[in-house]
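Work the whole structure out from these sequences, hints included.
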Amino acid sequence: MDLAYIDYISNNENTWLNKSSVLSKVIMAVLITVTMIMIGDWVKAAAILAVVLILTRFTGISFKRVLYFLLYPFLFSLPFAVIKSSYSITGGLLITLKSMGIAAGLLVVIASTPYTHLFSIMRLFLPDIIVDAMFFTYRIIFILTDKIQSTLSMLRLRGGLRPANLFFYLKSTAGTLGMLIINTFDMSERMYNIYTLRGYEGKLQTGAVWNVPKTVDVLPIFFGLSVLLIGVIPWTSW
Amino acid sequence: MDELVKVRCIRHVYPDKTEVGICGLDFIVNKGERVAVLGPNGAGKTTLLSHILGLLEPVEGEITVAGMNPKKDFRKLRKEMGVVFQNVDEQIIGPTVFDDIAFSLRNEGRKKEEIDECVKNVCMELGICELLNKVPHYLSGGQKKKVALAGAMVTNPQLLVLDEPFDGLDPGAKREIMNLLNRLNRSFGTTILVTTHDINVVPEIADVIYVLNRGHIAARGTPAEIFSMAETIREANLEPPVIVELFRRLNKRGILLPVPSGIEEAEELLLEAISFQEEKNTGTM
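Sequence lines, in order, name chains A and B.
Quick note on my numbering: the first sequence kicks off at 10 and runs consecutively.
Quick note on my numbering: the second sequence kicks off at -18 and runs consecutively.
No lab work stands behind these hints, which were simulated from the structure alone.
Given the structure is predicted, the values throughout are model-derived calculations rather than measurements.
Don't be surprised by glycine CBs; every beta carbon is placed ideally from N, CA and C.
Hints are supplied without guarantee of correctness; some may be wrong.
[Claimed, not checked] What follows is a list of derived Cβ distance ranges for each label pair: (1) Phe231/A - Tyr119/B: 33 to 41 angstroms; (2) Lys57/B - Leu175/A: 57 to 65 angstroms; (3) Phe89/A - Asp54/B: 57 to 65 angstroms.
[Stated by the list, open to error] Think about it this way: if two alpha-carbon atoms lie no more than 30 angstroms apart in a straight line, the pair counts; the simulated DSS-like pairs of lysine-lysine are: (4) Lys212/A - Lys101/B; (5) Lys223/A - Lys115/B; (6) Lys57/B - Lys212/A; (7) Lys(-13)/B - Lys155/B; (8) Lys73/A - Lys156/A; (9) Lys73/A - Lys115/B; (10) Lys115/B - Lys212/A; (11) Lys156/A - Lys212/A; (12) Lys73/A - Lys93/A; (13) Lys223/A - Lys212/A; (14) Lys115/B - Lys28/A; (15) Lys212/A - Lys60/B.
Encoded structure:
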């Protein structure tokens, strides 16, 4: 499961990216995103994507995996790129490069920051209840994925999945989905009870995120600013 | 002995109108005791624990923990209780083992240095220091149980409640958890309340056993006392421990030995019987 892999990487790698603060990495991601949105030149977009791809090497994710993750933004942006291509081919290319560049920037942050720290930063602009809900949803996905896998295996073993018979297939899949939803409600209630017993009172305390700034915190901001400079400085004047 | 938990004939109605009553004998847990609740699936074990933990409120009956009502005084009592639920995956919340163990301490607003020290101490006690930086999702079942136990123990609770802690564990992991619980009880005087349907582990982890059968507390006693009540055990859909069954069969064959409560006692009894027989044989020869 990709989510589990990213979770593992973010907690176990020990690169300078992992050591730098969440805030500096979020600022870097914002700078990359802003730059990518502003850019109107596909060459610049390709250059920034290449630079961000180099940065992903410091997260500990293999290059093959990074490319695999970037397939999602590529595929999702493809329809828009095709439409745009009817007017200009470079315009279409620019759309896919922009989406992949932004996704790569976010991947760097997600893959180098434990999720509790990421959610903590969201408290700056989102209500606690929303952040906690996101946190619990994230946690529940891990448990549910295992459950879904075992339910699907069981369904297959008991002959519940017959792709050839569409009606039967849809019926048993819908039934399983319904059962999973009920199970999820039950599970979320149990989990809430457990967390209450462990001291949860409406706001998750997620450890020290606001540490004293270190030298290593400057690096992501410096990187983000460099990307911004590449994006905004007109190359033709050089 | 000081009473820590007292439950007297409670009845609970679940939202789907399922009614669960726990009546019969009073359920009493004294401070420093190791208590096991034995019963088949659906006997009401988890309902009983949920009431003790203050997660459910009975429609009838009396329940006190440390002299307080667990539902009304939930916040006060929460700090006195550590819990390990049957499915530890639902209990573990932190992205790393350290974060998970520190969860309750952070919620109490303790200082970072204090949290670090408490987590370190409990990890040393449970022998899981090498797991501190690991992601809980990738741990084995036994390791997850230990992490959940560490999370429950880190606040130094008076009462440690464990719902089916040996479920799904291999014999080695089961033995480790049993040893840990006994050590916690001996070293810190922690009161331990365990529910289980694994009758074979009970003599090793409990001073007192309650037998629960379809919402009825059918028996209370020491392991030896409970194991001598063969009928009560069978009525509760449980099988007596193998060693007890062996001695009962020997009794039927005329070898009259008292029913042992555990393997050590059985060993002693058999050695005594064998040496007595040898002496008898030597005397007659």
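Hints violated by the structure (numbers, ascending): none
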